[in-house]
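Starting from the given sequences, assemble the full structure and let the hints guide the process.
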Amino acid sequence: MTLDDTALPEDDLDGHTMTELGDYLDRGRLPVDPSIENSAACRLALAGMTRIRELSWTALTRQSALDPQRDDTWITGLLDTIKGEIKSGRDVPISHSDPSLRLSLTEAAVRGIIRRAGDTTGGIVMGRSALEGDVTTRGAVIRIEVTASVEYGRSLAATADRLRDRIRAALDDHTELVVGEIDVTIDDVYFSEEPRS
Amino acid sequence: MIDDLELSRRLTSAIRAVPHVTGVYPAQPILEAAAGAIAVRLALRVPDVLVDIDRAEGFTTVSAHIATSAAAPTPETARAVGELLRDEFRRSHEAHDALPGTDPNDTLAINVKVRLVEDAGAFGG
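Protein sequences appear in the order of chains R and L.
Counting from 1 along the first sequence, just add 64 to a position and that's the residue number in our numbering.
Counting from 1 along the second sequence, just add 1254 to a position and that's the residue number in our numbering.
Hints were generated in silico from the structure; no laboratory data involved.
All values derive from a computational prediction rather than experimental measurement.
Backbone N, C-alpha and C define an ideal beta-carbon position, used for all residues, glycine too.
It cannot be assumed that every hint is accurate.
Restraint ranges, calculated between C-beta atoms of paired labels, are given here [said to hold, decoys possible]:
#, chain 1, residue 1, chain 2, residue 2, range
1, L, A1271, R, A194, 46 to 54 Å
2, R, L94, L, A1374, 17 to 25 Å
3, L, R1344, R, D237, 28 to 36 Å
4, L, A1310, R, D251, 47 to 55 Å
5, L, R1345, R, G217, 55 to 63 Å
6, R, D236, L, P1273, 18 to 26 Å
7, R, E196, L, R1345, 37 to 45 Å
8, R, A194, L, E1260, 23 to 31 Å
This is the structure we're talking about:
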């Protein structure tokens, strides 16, 4: 995986760069680098990068042949999005009957849950996600905004509905957020191995 | 008597044994964590002291940052870790003499922060 970013370490990646992480993935995460594997931010980025690779390899290969410049822009945009999502952000509380226990998820972890839910939906490559509202107050209703690229030939409305359901179920499983609307914007279409008729 | 370094080591190890915990990350303030990360990178230190124990003016805060597996609901895993830290910390005070300058009756706060929810079966840490 080649990335067009600076070679300077980034604060949010615990001293690593996206290029280093891409190279590390290329090597099959071997030899194990403890400074990467023991960094939550690096592992969050690796998870997103791995799913991009697994999900869209065929699409990337095809689109590369059709329009290499567009492919570069697309993949660079996705990686920039992942890089932006690893900032810890706000703390999302988890309740406990003992007030001495203060439990929370980071906003980055929640964005990771949303990304995984979308990327495992099928026919979708997730773009950006945002949590709108007061996620730090238990019981407050929040709104989710996501963008996604959809495989050519799929019904946009049905795919968006399926994505909403997946995200809502994942957030119900792994957070105590009260999710109101989930706004899905389909901002791109990609081709699978063979275009659907 | 055990010191806070040894207690942190024990708590770190105990958290790793909690089902569906896939990683433990440094919970120290950023500068200490940065120094620790450099030490790890230079292979000077094994990352086994990752739970932060802060004692100040009658208040003790125990903090842990973790990764969990998506195979189980994250709130359940976070609660299990929080309860483990609370119980182990209290047990350590009962089993050992209190450290000089510390009081076992200090107000205790346990902070558990989930920084990553990983795919079930993802690479372990």
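Could you see if the CB distance from E196(R) to R1345(L) stays within 37 to 45 Å? holds (43 Å)
Against the range 28 to 36 Å, how does the distance between the Cβ atoms of R1344(L) and D237(R) compare: consistent or not? At 31 Å between Cβs, range holds.
Could one say that the CB atoms of A1310(L) and D251(R) fall in the range 47 to 55 Å? At 49 Å between Cβs, range holds.
Please test the hint of 55 to 63 Å on the beta carbon pair from R1345(L) and G217(R). At roughly 60 Å between Cβ atoms, G217(R) and R1345(L) fall inside 55 to 63 Å, so the hint holds.
Take a look at whether the Cβ-Cβ distance between A1271(L) and A194(R) falls inside 46 to 54 Å. violated (36 Å)
Could you say whether the range 18 to 26 Å given as a hint is met by the Cβ separation of D236(R) and P1273(L)? holds (21 Å)
Given the hint of 23 to 31 Å, check if A194(R) and E1260(L) actually sit that far apart at their C-beta atoms. violated (43 Å)
Measuring from beta carbon to beta carbon, are L94(R) and A1374(L) in 17 to 25 Å? Roughly 22 Å apart at Cβ, these two residues keep to the hinted range, so it holds.
Hint compliance for this structure: hints 1, 8 are broken, all remaining hints hold.
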